Amino acid sequence: MLRFAVETRLGELELAVELEVAQGECLALAGPSGAGKSSVLRAVSGLATPRAGRIACGDRVWLDRVHGIDLPPEQRRCGYVFQDYALFPRLSAWQNVAYGLRGPRAQRRARAHELLERFGLHARADALPRTLSGGERQRVAVARALAPRPAALLLDEPLSALDARTRAAASRELAAVLHEAGVPALLVTHDFQEAALLGDRVGVMDAGRIVQLGRAGDLAAAPASPFVADFTGAVVLTGVASPGAAGLTRVELDGGGEVSSPEDAYGPVAVTVYPWDIAIAPSGTIDPGSARNHLDVEVVSVTAVGNRVRVGLAAPQPLTAELTEPAVERLELRAGERVVASWKATATRLLPL
Amino acid sequence: MRWFAAPLALALVFLTLPVLAIFLDSPPAELIDALGEPGALDALWLSLQTSVTALAIIVAVGTPTAYLLATKRFRGRALIVTLIELPLVLPPAVAGIALLAALGPSGILGSRLEDAGVRLTFETAGVVVALTFVASPYYLRQAQAAFGALDRRWLDASRTLGSGPTRTFARVAIPTAAPGLVTGGALAFGRALGEFGATLMFAGSLAGITQTAPLAIYERFATDFDGALALSAVLVAVSAAILLSVKLVEGDAALRG
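Chains as they are written, first to last, in this note's numbering: chain C, 1 to 353; chain H, 1001 to 1257.
So here's chain H without its partners, still in its complex pose (with noise of 0.2 Å):
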């Protein structure tokens, strides 16, 4: 078993190392200064707005979703599940032209849009669709599977105690399933953060409009790497802290059984 330890350490040094390195590369002061350039902390902020917004839109039409696909059989389940976890395998740039192909001006339903108004690209509102498409599966996976593991009989119990399929699912599933489902979405808020790809192709990277963080970053290293590195340890930090509040989360749960 002892040579097993020399992987672990490769895998260690080779995964952490990197982001260590923002940390360590410049002295912490001058990250600080770094995110007072203008336009940083716009990205940044714009980043939380859009990823808040996106993982608003996810959980609340994403969670009864999950719940009729985990608790209901029906005909073609299986495809559906399917088609709705196809963003999860899809390469962000394909994602982002299907989007134009789809909803930009010249896209099968863009051109109704503007018609009516509604301009996505160069638009923050973009910004939001690009994130709720990447993330969405995310949260619907890790959602299917909290409401699939719901012993059936809490479910039945509940109608039997007079309450409907609407309050069975507020009062019983979605409390039981509440680990599962915070899980689900620290995982979408997370790549929602994070999506790059997407976002460009489809937004475009207007500073201040649809310039998130990740894009903000990615314009900056060749000119301003201090300023690039100042915006990554911010969103290290952020991702960290989602990743600690799972792992707490979910240690939380386990302990309740």
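Excised from the complex, chain C in its bound form (with noise of 0.2 Å):
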């Protein structure tokens, strides 16, 4: 169990988070640049020592301002995945792996090789980092960091060096290895889509603040306010996709219900839709002529933000859909009712996984 409290100024912004993440938990902070994502993981691996706050992992206590307590960073045992990775430019895959490893170096040699075998990256031991793919480096650092057996991961955006193609593959391979690992990991991303791919929580930072934390479908469903339901942006469902009439791709959801999309895929993907895209009509009014795709979804909850009102539904994947005032009173939406939500198919993006 990660634990912390955290405050500190930065320029114009205060700065001030208190989470708890779990054994094997993965926690993605989320929010635009500027939002203070990278300072929490700087105070909290011990890079930067915050003004007031107190940090503790398992029963170790790592900083507490109160009673002057603050371990440097390499005594916290904080494994650190950087953004663009920061490897040692004049150093090996396997040396930059085994760098953080102690004792003899035939062991840590053979240990750092295990690890990249582990990763797909054997290979590629003997070569240096500017030598390798983007989604290369992104491994041999995701290895480095895990090699001490650390007590805690912190990993800033760990994909956004990546091209989308090379993304989806990493982003699952990622999340595999987070709970793989068993120890608290802490994210920090610009994109909610991808927060959501790997957080269990995602909390969404705005201004030095945490302003709400949960999960990714309760986030997109019941924003707690504007910034957040502009920021958790497009509802994300995952399913199989395969050919299917009228050159459509036909997705099967995970968890039941099939969609169309105009974009190629085939094989597991992420389908994205955008909440403002998504109509609701009461249940049986389907019109089966149009080139539109239909889920029948249970509403889950109902929720104004703003002048818009925020419907979620389960499909039973949890999904978004954003309306106005009147449509929702002229439906009578409420909890536990049965409705129709349908949309565009060439409203709907896919994203191979």
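Read the hints as simulated data drawn from the structure, not as lab findings.
Zero decoy hints are in this set.
Example chain H residues on the side facing chain C (calculated, C-beta under 7 Å, incomplete):
1) Ala1157
2) Thr1160
3) Gly1162
4) Ser1163
Which chain C residues stay away from chain H? Per the calculated CB distances, all over 12 Å, these:
5) Gln23
6) Arg292
7) Glu298
Every value quoted in this text rests on a predicted model; they were computed, and no experiment measured them.
Note that beta-carbon positions come from the ideal geometry of N, C-alpha and C, so glycine has one too.
Put the two chains together into one complex; each comes in its own frame, and the hints tell you how they fit.
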């Protein structure tokens, strides 16, 4: 369990964050740049000392300003994956991974190679960072952070340096690695979709504070403020794609339901759609002829956000529709009701997983 | 663009002709014979010894100093950087007088050194002090630039991987900044090897004790021009070798990205 509360001043910004991350849990902090996300990681790792606060990992206290405890980074055993990875440029892949290990060289070398093998990089062990691809660098950086068996893992935008195609595969792999590591993981990203895919819980940060914390689906369905509503953006569903009728791609959603998209994809995909593109109609009013996607869904929540209303739906995967207030009143939407959610096939994006 | 070739040719001739003349003025055999003159090889050997010693002191003290100045922000840092670069623009004669005023027999620290049995003027140790004083800014400047160009996250990564500040300095900062440090070392060594004014004023020109190669050249040029030429030729060769090795290290670093 990683537990911390830190307060510090960042230029004009007053940062105040309090969080608990369980063993094996990945908590994703998401927010626009300048929200103070990376500063949280720097404070937890000990690279920066906050003005006030307490940080504890398991039964070890890393920081306690009141009692004058402030362990330097090298004593916190905190794995850190830096933005753009920060691999040591003059060390080979295996030397990078072995850097945090102690003991005889042969032993360190063996452990580094073992880790690289697990990440499918055994053949690249002697390569210098500048000759590695973006995806390979990311895996070396994660392996390097995991090598000394850290007590917690911090990741700063671990996927943003990758191109779109690599990112999908890397994100799936990273999610598996984080759960396997079994330590508290704190991840920072400016991309809500990435946070939703990797985080068991997501904290949305704005101007130095966590404005809402919860499961990604809950945040999108019931945002606490217009800021969270805008930031959470697209709904993300997962499914398996195959060629469908009329040149469209058919996606069977995990848990039930089926949608179509004009985008090409095959195999596991993430389906994204914006809440404002989703319309809601009473059950049994489907127009079967139109090229729209229809899902039978249950209303989970109805939340007013400014002049809009967010309707949380279960398909059974969580999705969110954004409607105007008159529309919600006309439909008499309330939790537990079954309705049909529909949106244009052309508003449906597919990301290979 | 064509007329630019004329100033280029002028610069090339002006800068290389005097150097070439050292080798062309006397037959090579005479140059080699002249090195056999008593004292010539002594002066070269003394130059080499004192320059290497000065370089060792500069690197040992200057490397951590430059690292601190390049990576930490603190009050008065800009002032310190300016002060330690001062010898760079100081006329050598002024440097010599300054050293005498500080460390000479009647200088503010010199008398105390004398009491402790340490004498610098007219001693080889004084030559090392003069060379160190004059040459160290060349290394400090270059080393600061090299450390300043390091990605801070490499240093941060090292810390989170269990290495303290000292280990991070030794294992990440120095190896990564190595090309810049080598360049700085070569520049400082070259400057020390050619040092004349400060050494002459502070340590004197005693053959075999404080008379380095440049001082020996100066002493000889009126009476034994060939001897002076021979010593000059050796210094040119050493300087060219230093310059070449710096270019090679820089080229290698550029290739490695």
